[in-house]
Amino acid sequence: KAGVTQTPRYLIKTRGQQVTLSCSPISGHRSVSWYQQTPGQGLQFLFEYFSETQRNKGNFPGRFSGRQFSNSRSEMNVSTLELGDSALYLCASSLEREEAFFGQGTRLTVV
Amino acid sequence: GENVEQHPSTLSVQEGDSAVIKCTYSDSASNYFPWYKQELGKRPQLIIDIRSNVGEKKDQRIAVTLNKTAKHFSLHITETQPEDSAVYFCAASKGLTGGGNKLTFGTGTQLKVEL
Numbered sequence: 076k077a078g079v080t081q082t083p084r085y086l087i088k089t090r091g092q093q094v095t096l097s098c099s100p101i102s103g104h105r106s107v108s109w110y111q112q113t114p115g116q117g118l119q120f121l122f123e124y125f126s127e128t129q130r131n132k133g134n135f136p137g138r139f140s141g142r143q144f145s146n147s148r149s150e151m152n153v154s155t156l157e158l159g160d161s162a163l164y165l166c167a168s169s170l171e172r173e174e175a176f177f178g179q180g181t182r183l184t185v186v
Numbered sequence: 645g646e647n648v649e650q651h652p653s654t655l656s657v658q659e660g661d662s663a664v665i666k667c668t669y670s671d672s673a674s675n676y677f678p679w680y681k682q683e684l685g686k687r688p689q690l691i692i693d694i695r696s697n698v699g700e701k702k703d704q705r706i707a708v709t710l711n712k713t714a715k716h717f718s719l720h721i722t723e724t725q726p727e728d729s730a731v732y733f734c735a736a737s738k739g740l741t742g743g744g745n746k747l748t749f750g751t752g753t754q755l756k757v758e759l
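Residue numbers (this note's numbering), protein chains in the order written: chain A, 76 to 186; chain B, 645 to 759.
It is possible that part of the hints are untrue.
To be verified - Derived Cβ-Cβ restraints for the label pairs, each shown as a range:
#	chain 1	residue 1	chain 2	residue 2	range
1	A	G115	B	P652	14 to 22 Å
2	B	S653	A	S145	41 to 49 Å
3	A	G115	B	A673	34 to 42 Å
4	A	S102	B	R705	25 to 33 Å
Said to hold, decoys possible - Listed below are the simulated DSS-like cross-link pairs for lysine-lysine, each with C-alpha atoms no more than 25 Å apart in a straight line:
#	chain 1	residue 1	chain 2	residue 2
5	A	K132	B	K756
6	A	K88	B	K738
7	B	K666	B	K712
Keep in mind that the hints were calculated from the coordinates and are not lab data.
Everything numeric in this text was worked out from a predicted model, so none of it was measured.
Built from N, CA and C at the ideal position, the CB exists for glycine as well.
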């Protein structure tokens, strides 16, 4: 059974640009959550999508948005990038509730 | 919202010794408590979890205990091995009662197992 796949693995962007990250969950999983991991703030919840609907949202500015497609794949978009957005972005998939399995992450560097 | 505190931030033990990591949570409605292990440069991996209707759960050398009254839960690793060296995160969610899969994480514990 394939695990959670995130693309790309690494990204370098310039301040002010926007970026889109992709996450393909484990087959059959309908919930996809996104987290930001930084040395200073640890793992912070961004949002969760379930059956194409946003089910939960963390405390991040509106520049961070996401969506989920009918095949459960999810994308996360960050607009007007800031230096502080540099982080490891992780997605996690779950069948419905509990037992979240993480992808390898996308390492975003904003210069 | 939920707040999870984790202690200690670093833990160094000798191979074969036990390691204990403790977490407290603030929201009494939280009912699902997973633990993740993250090795350097790798993804967090679920190693064990416990639900609010259970007080203790074991899986080989790993055990987790939950005290709902005190809002504490702990990870116990016995007979530690060098490959146990990693960062361990506790987390809490209200997933069992429709709260979705929003995990609130502790700040992590860097465990080092020395030979």
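Hint check results:
no.: 1; hint: G115/A - P652/B: 14 to 22 Å; result: holds, 18 Å
no.: 2; hint: S653/B - S145/A: 41 to 49 Å; result: holds, 43 Å
no.: 3; hint: G115/A - A673/B: 34 to 42 Å; result: violated, 28 Å
no.: 4; hint: S102/A - R705/B: 25 to 33 Å; result: holds, 31 Å
no.: 5; hint: K132/A - K756/B; result: violated, 34 Å
no.: 6; hint: K88/A - K738/B; result: violated, 36 Å
no.: 7; hint: K666/B - K712/B; result: holds, 14 Å
Of the hints listed earlier, those the structure fails to meet are numbers 3, 5, 6, in rising order.
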